[in-house]
Amino acid sequence: MVDIKLKLKKAPEFPLEADVITPDQFAGKSAAQIKKLIVYHGNEEKTLGEFFDVTGNGSEVNDIKIIIDGDLSNVKRIGEKMTGGEIIVNGNVGMHVGSKMSGGKILVNGNADDWAGAMLNGGELEITGNAGNYVGAAYRGYWKGMQNGVIKVKGKIGNEALSWVTGSKPGNRFPTLLCGSAGSFLGVHSHGGTIIVEGDCDRCIGADQVRGTIVVKGKINRILPSFKKIGEVKEIELMNGEKIKGNFIEYSGDHSVEKNHSKIDKKTGNISNSSNGRLYVAA
Amino acid sequence: MADKNIRTVTDVICPFCGTLCDDLEVDIDNKEEKIVEVRNGCQIGTKKYFSSNPSVHRYDKPLIKDNGSYKAISWDEAIDKAADILIKAKRPLLYGFSSTECDAQGKGVELAELLGGILDNTASVCHGPSLLAIQDVGAPTSTLGEYKNRADLVVFWGSNPVHAHPRHLGRYSDFIRGYFRKDGSNDRFIVVVDPRNTHTAQLADMYIQLNPSEDYELINAIRAMLRGVELEGDEISGVPKKIIIELVNALKSCNYGVIFFGMGLTQTLSHHRNIDAAICLVRELNDHTKFLLTPMRGHYNVAGANQVFTWQTGYSYSIDFSRGYPRYNPGEFSSVDLLMRDEIDASLIVASDPASNFPAAAVKNMFKYPLISIEPHHTPTSVNADIILPPAIAGIECEGTAYRMDSVPLRLRKVKDAPGDCLTDKEILERLVEAVKKKKGE
Amino acid sequence: MRINNLILITCRTINQGVALEGGKNTIENVRAAGICAFDKEDFKKLDCPVGTPVKVITEHGEVVVYSTISEEGPHPGIIFIPMGPWANQVVNPDSQSCGTPTYKGMKASVEPLPNGKVLNAVNLIKLLKVA
Numbered sequence: 001m002v003d004i005k006l007k008l009k010k011a012p013e014f015p016l017e018a019d020v021i022t023p024d025q026f027a028g029k030s031a032a033q034i035k036k037l038i039v040y041h042g043n044e045e046k047t048l049g050e051f052f053d054v055t056g057n058g059s060e061v062n063d064i065k066i067i068i069d070g071d072l073s074n075v076k077r078i079g080e081k082m083t084g085g086e087i088i089v090n091g092n093v094g095m096h097v098g099s100k101m102s103g104g105k106i107l108v109n110g111n112a113d114d115w116a117g118a119m120l121n122g123g124e125l126e127i128t129g130n131a132g133n134y135v136g137a138a139y140r141g142y143w144k145g146m147q148n149g150v151i152k153v154k155g156k157i158g159n160e161a162l163s164w165v166t167g168s169k170p171g172n173r174f175p176t177l178l179c180g181s182a183g184s185f186l187g188v189h190s191h192g193g194t195i196i197v198e199g200d201c202d203r204c205i206g207a208d209q210v211r212g213t214i215v216v217k218g219k220i221n222r223i224l225p226s227f228k229k230i231g232e233v234k235e236i237e238l239m240n241g242e243k244i245k246g247n248f249i250e251y252s253g254d255h256s257v258e259k260n261h262s263k264i265d266k267k268t269g270n271i272s273n274s275s276n277g278r279l280y281v282a283a
Numbered sequence: 284m285a286d287k288n289i290r291t292v293t294d295v296i297c298p299f300c301g302t303l304c305d306d307l308e309v310d311i312d313n314k315e316e317k318i319v320e321v322r323n324g325c326q327i328g329t330k331k332y333f334s335s336n337p338s339v340h341r342y343d344k345p346l347i348k349d350n351g352s353y354k355a356i357s358w359d360e361a362i363d364k365a366a367d368i369l370i371k372a373k374r375p376l377l378y379g380f381s382s383t384e385c386d387a388q389g390k391g392v393e394l395a396e397l398l399g400g401i402l403d404n405t406a407s408v409c410h411g412p413s414l415l416a417i418q419d420v421g422a423p424t425s426t427l428g429e430y431k432n433r434a435d436l437v438v439f440w441g442s443n444p445v446h447a448h449p450r451h452l453g454r455y456s457d458f459i460r461g462y463f464r465k466d467g468s469n470d471r472f473i474v475v476v477d478p479r480n481t482h483t484a485q486l487a488d489m490y491i492q493l494n495p496s497e498d499y500e501l502i503n504a505i506r507a508m509l510r511g512v513e514l515e516g517d518e519i520s521g522v523p524k525k526i527i528i529e530l531v532n533a534l535k536s537c538n539y540g541v542i543f544f545g546m547g548l549t550q551t552l553s554h555h556r557n558i559d560a561a562i563c564l565v566r567e568l569n570d571h572t573k574f575l576l577t578p579m580r581g582h583y584n585v586a587g588a589n590q591v592f593t594w595q596t597g598y599s600y601s602i603d604f605s606r607g608y609p610r611y612n613p614g615e616f617s618s619v620d621l622l623m624r625d626e627i628d629a630s631l632i633v634a635s636d637p638a639s640n641f642p643a644a645a646v647k648n649m650f651k652y653p654l655i656s657i658e659p660h661h662t663p664t665s666v667n668a669d670i671i672l673p674p675a676i677a678g679i680e681c682e683g684t685a686y687r688m689d690s691v692p693l694r695l696r697k698v699k700d701a702p703g704d705c706l707t708d709k710e711i712l713e714r715l716v717e718a719v720k721k722k723k724g725e
Numbered sequence: 726m727r728i729n730n731l732i733l734i735t736c737r738t739i740n741q742g743v744a745l746e747g748g749k750n751t752i753e754n755v756r757a758a759g760i761c762a763f764d765k766e767d768f769k770k771l772d773c774p775v776g777t778p779v780k781v782i783t784e785h786g787e788v789v790v791y792s793t794i795s796e797e798g799p800h801p802g803i804i805f806i807p808m809g810p811w812a813n814q815v816v817n818p819d820s821q822s823c824g825t826p827t828y829k830g831m832k833a834s835v836e837p838l839p840n841g842k843v844l845n846a847v848n849l850i851k852l853l854k855v856a
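Protein chains in written order, with our numbering: chain A, 1 to 283; chain B, 284 to 725; chain C, 726 to 856.
Be aware that a few hints might be false.
To be verified - In silico EDC-like cross-links for lysine to aspartate or glutamate, where the CA-CA straight-line distance does not exceed 16 angstroms:
hint, chain 1, residue 1, chain 2, residue 2
1, C, Lys854, B, Asp669
2, A, Lys10, A, Asp71
3, B, Lys317, B, Asp343
4, B, Lys371, A, Glu13
5, B, Lys371, A, Glu44
6, C, Lys842, C, Glu787
7, C, Lys854, B, Asp625
8, B, Lys647, C, Glu787
9, C, Lys851, B, Asp669
10, A, Lys154, A, Asp200
11, B, Lys373, A, Glu13
12, A, Lys7, A, Asp71
13, A, Lys229, A, Glu250
14, B, Lys651, A, Glu13
15, B, Lys371, A, Glu45
16, A, Lys100, A, Glu124
17, B, Lys373, A, Glu44
18, C, Lys832, B, Glu497
19, A, Lys229, B, Glu513
20, A, Lys217, A, Glu198
21, B, Lys697, B, Glu682
22, B, Lys431, B, Asp470
23, B, Lys373, A, Glu45
24, B, Lys720, B, Glu396
25, A, Lys229, B, Glu515
26, B, Lys723, A, Glu44
27, A, Lys10, A, Asp69
28, B, Lys647, B, Glu626
These aren't lab readings, by the way, just hints derived from the structure by calculation.
Start from the sequences, fold in the hints, and give me the full structure.
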């Protein structure tokens with residue numbers, strides 16, 4: 001692993017769009033070349049060197065470890081579309097961190113703003129603080145959100161995390177979110193996401209969920225009327241085969257969605273156990 | 284009564300709300316070029332025509348702030364000063380556009396692109412969530428004429444047309460006789476869903492009072508019931524289950540239904556997800572009968588602003604040109620969020636009054652930086668502006684195109700001349716574009 | 726008497742629409758939009774004559790407006806201020822990152838302020854301009 005260190009020199013006046021801070025862009029470049037990469041500040045083009053001190057030279061993508069120091073809460077799009085390597089941010093980070101990444105690892109030692117890990121397609125994003133709204137969500141109008149990879153948030157996340165998440169057992173894709181607590185509309189329009197919440201959630205969890213598993217180890221403010229209680233379980237099997245032990249109440253849903261795989265048998269009135277669309281809340 | 288001093292213009296399109304009534308008659312005094320009578324219009328539209336007459340509330344010359352008071356300047360100087368402010372800014376906001384005609388909106392897009400600024404229209408604080416939901420799940424919609432002739436079930440969800448779109452009920456949705464609804468109101472079943480027993484609700488055949496901010500749960504429950512799911516609990520969102528069953532039966536058994544929804548869904552918690560659910564409900568209802576929905580647009584040409592921005596940039600509102608090409612993300616590039624994060628360093632407000640309509644904290648940040656206002660009247664925004672550029676009022680003092688709430692384009696008429704030195708919005712924006720181009724050396 | 730735990734909703738009214746088109750710095754605009762409509766039963770708890778200025782307080786700010794009894798009741802526990810500069814002093818500017826602020830459904834408290842002064846739109850907004 002080669003370390004490339006970035007240190008924020010001055011706080012940007014406007015949001016700084018630094019989608020060049022990825023191992024892919026730094027690969028094969030010297031510190032001087034990295035400093036010349038273009039960032040966007042307001043409606044002006046600037047160079048990375050104007051805002052950051054850079055030390056270290058890039059090698060192969062997967063061998064690069066970028067370490068960034070400073071308050072980056074106004075720096076957007078760090079690690080966007082990265083495919084490998086590692087980024088460590090020591091401080092808060094702005095919007096779209098790790099959005100559309102498909103490999104590698106990002107560790108944020110602080111809080112992240114909205115759209116963290118949006119439409120993640122592989123790799124791992126870890127945030128030790130809180131994250132804003134739309135964690136791992138689909139961008140506006142996309143019908144496929146996060147498709148693979150893992151997002152871990154220690155603290156609280158905002159609303160609409162993992163909207164339109166799309167997982168697949170046969171495709172071996174298990175997009176997963178682990179978080180401390182969550183706002184409302186967690187996993188809205190989920191098509192096979194796995195979400196585990198250590199604490200409490202706000203309202204409308206799993207709204208319009210077609211497939212997927214949501215496990216809430218705390219309380220939910222209001223469970224949607226279209227979720228049906230199945231019973232109590234002692235063990236949950238996640239989509240990827242992992243198991244969670246504990247006392248949970250199992251709900252199936254969302255039953256307001258047309259293509260719900262947890263269908264209700266018209267003759268017997270039983271809920272088909274064949275597939276997903278499950279919400280588990282601590283008993 | 285024929286009076287030589289009075290001329291009458293008929294079939295005038297009212298530039299107030301998204302209903303765009305097209306049957307107004309306006310009398311103008313030839314000598315003074317003043318409106319003396321308006322017929323057929325609602326209270327608000329009529330007032331709009333009268334307030335276009337020269338008064339202490341109307342600007343007729345470009346003004347610039349000088350040591351706390353305003354000083355009249357020439358158009359050339361005003362455009363020059365405004366262009367300087369906009370060019371100097373690194374993140375200028377161009378906001379408004381919903382109360383002007385489509386050509387001016389197109390010029391606004393050009394200016395925003397030249398400046399690398401942010402372009403937004405008033406949908407961002409009203410029906411923006413509807414547009415987000417439509418992008419997510421589509422929208423089965425139709426024109427108002429269709430509803431008038433066919434609909435036998437009309438739902439007003441979170442909208443109060445008696446107050447906000449006063450002639451909507453009379454022209455399209457309730458009292459009017461339609462081709463298949465010959466008996467007008469008696470042939471239609473009106474449902475109102477609102478936390479308050481509004482004047483519209485008082486006219487309705489069925490009124491459903493729900494808890495504020497719990498619309499999503501109610502729509503969700505209706506959708507589940509439509510799919511035959513037995514619900515637990517006695518009431519949902521404060522509505523007894525018995526009434527929801529009645530509502531579901533009414534929705535299923537109509538021949539042609541329509542949902543008109545308003546701010547009650549878009550401005551409450553869960554914003555666009557409310558509309559998302561409402562659209563999914565309509566989709567579901569089409570398994571049983573014919574059902575459609577239409578947003579109750581406020582400003583008369585906010586639908587036009589969405590149309591123009593979409594065909595020119597690909598996106599309907601909250602557009603960022605800072606990287607040279609249009610990008611879109613409400614929440615990131617929408618006016619109120621930008622102002623709340625204090626990201627803007629100059630603003631150009633066209634035909635809108637954000638100081639009245641934005642939350643106070645956002646207005647505070649807007650006032651910190653240079654503000655240019657293209658606005659015919661004294662408003663809380665314009666009286667705090669650094670440069671005021673007075674336009675002719677579109678639809679009264681100049682022609683143009685506007686889109687009705689159902690996205691039907693109509694041609695606005697000119698009924699009288701603008702007072703003083705007023706130019707049209709299009710001319711002002713055109714001159715700003717020219718000045719900016721010249722200064723940038725393009 | 727102060728009432729807590731009310732829910733504040735902003736709304737359109739035809740008078741507010743007329744006043745909005747007729748001049749925003751007029752006294753008509755204050756009478757049309759600088760008001761707060763109460764449910765009849767809630768208003769009794771305020772224990773003051775109709776029209777007394779009241780201070781509406783939410784976690785986002787406070788504003789003084791005239792009190793009135795709603796024609797569109799009953800709606801116990803809910804108060805209404807027409808959309809406009811007065812309402813916007815107390816609405817929730819947070820849009821949950823969707824662009825549209827939450828103009829409806831704030832928790833609010835109200836207390837009568839018999840000597841309170843209701844500012845007109847221009848003077849109210851001027852307070853936001855930091856000299």
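For each hint, the structure was consulted:
Our distance criterion of 16 angstroms between C-alpha atoms is met by Lys854 of chain C and Asp669 of chain B, whose separation comes to about 12 angstroms. About 9 angstroms separates the Cα atoms of Lys10 of chain A and Asp71 of chain A, which keeps this hinted pair within 16 angstroms; it holds. This hinted pair checks out: Lys317 of chain B and Asp343 of chain B have alpha carbons roughly 14 angstroms apart, not beyond 16 angstroms. As the CA atoms of Lys371 of chain B and Glu13 of chain A are separated by approximately 15 angstroms, the hinted pair is consistent with the 16 angstroms bound.
A distance of roughly 11 angstroms separates the Cα atoms of Lys371 of chain B and Glu44 of chain A; the hinted pair therefore holds under the 16 angstroms criterion. A threshold of 16 angstroms between alpha carbons decides the hint, and for Lys842 of chain C with Glu787 of chain C the separation of about 13 angstroms falls inside it, so the pair holds. A C-alpha spacing of about 14 angstroms is found between Lys854 of chain C and Asp625 of chain B, which places the hinted pair at or below 16 angstroms, so the restraint holds. Proposed proximity of Lys647 of chain B and Glu787 of chain C is supported: the alpha carbons are some 15 angstroms apart, at most 16 angstroms.
At most 16 angstroms may separate the alpha-carbon atoms for a hinted pair to count; Lys851 of chain C and Asp669 of chain B meet this at roughly 14 angstroms. Annotation: proposed proximity of Lys154 of chain A to Asp200 of chain A holds, straight-line Cα distance about 13 angstroms (limit 16 angstroms). For the hint pairing Lys373 of chain B with Glu13 of chain A, the CA-to-CA distance comes to about 10 angstroms; that is within 16 angstroms, so the pair holds. Distance restraint check for Lys7 of chain A and Asp71 of chain A: the Cα-Cα separation of roughly 9 angstroms lies within the 16 angstroms cut-off, and the hinted pair is therefore satisfied.
Taking the CA atoms of Lys229 of chain A and Glu250 of chain A, the gap is near 6 angstroms; set against the 16 angstroms cutoff, the hint holds. Only pairs whose Cα atoms come within 16 angstroms are accepted, and Lys651 of chain B paired with Glu13 of chain A is accepted, the gap being roughly 15 angstroms. A C-alpha spacing of about 15 angstroms is found between Lys371 of chain B and Glu45 of chain A, which places the hinted pair at or below 16 angstroms, so the restraint holds. For the given pair, Lys100 of chain A sits about 11 angstroms from Glu124 of chain A by alpha-carbon distance, which is consistent with the 16 angstroms threshold.
A C-alpha spacing of about 7 angstroms is found between Lys373 of chain B and Glu44 of chain A, which places the hinted pair at or below 16 angstroms, so the restraint holds. Using a Cα cut-off of 16 angstroms, the hinted pair Lys832 of chain C and Glu497 of chain B holds, with the two alpha carbons roughly 14 angstroms apart. About 11 angstroms separates the Cα atoms of Lys229 of chain A and Glu513 of chain B, which keeps this hinted pair within 16 angstroms; it holds. For the hint linking Lys217 of chain A to Glu198 of chain A, the alpha-carbon distance of about 5 angstroms falls within 16 angstroms, and the restraint holds.
Distance restraint check for Lys697 of chain B and Glu682 of chain B: the Cα-Cα separation of roughly 5 angstroms lies within the 16 angstroms cut-off, and the hinted pair is therefore satisfied. For the hint linking Lys431 of chain B to Asp470 of chain B, the alpha-carbon distance of about 11 angstroms falls within 16 angstroms, and the restraint holds. At roughly 11 angstroms between alpha-carbon atoms, Lys373 of chain B and Glu45 of chain A fall within 16 angstroms of each other, so this suggested pair holds. Restraint check: the Cα-Cα separation between Lys720 of chain B and Glu396 of chain B comes to about 11 angstroms, which is no more than 16 angstroms; the hinted pair holds.
Note on Lys229 of chain A and Glu515 of chain B: the hinted pairing holds, with a Cα-Cα distance of about 9 angstroms set against a maximum of 16 angstroms. Using a Cα cut-off of 16 angstroms, the hinted pair Lys723 of chain B and Glu44 of chain A holds, with the two alpha carbons roughly 14 angstroms apart. Between Lys10 of chain A and Asp69 of chain A, the direct Cα distance comes to roughly 12 angstroms. Compliance with the 16 angstroms bound is thereby established for this hinted pair. Annotation: proposed proximity of Lys647 of chain B to Glu626 of chain B holds, straight-line Cα distance about 13 angstroms (limit 16 angstroms).
Checked against the numbered hints above, the structure violates none of them.
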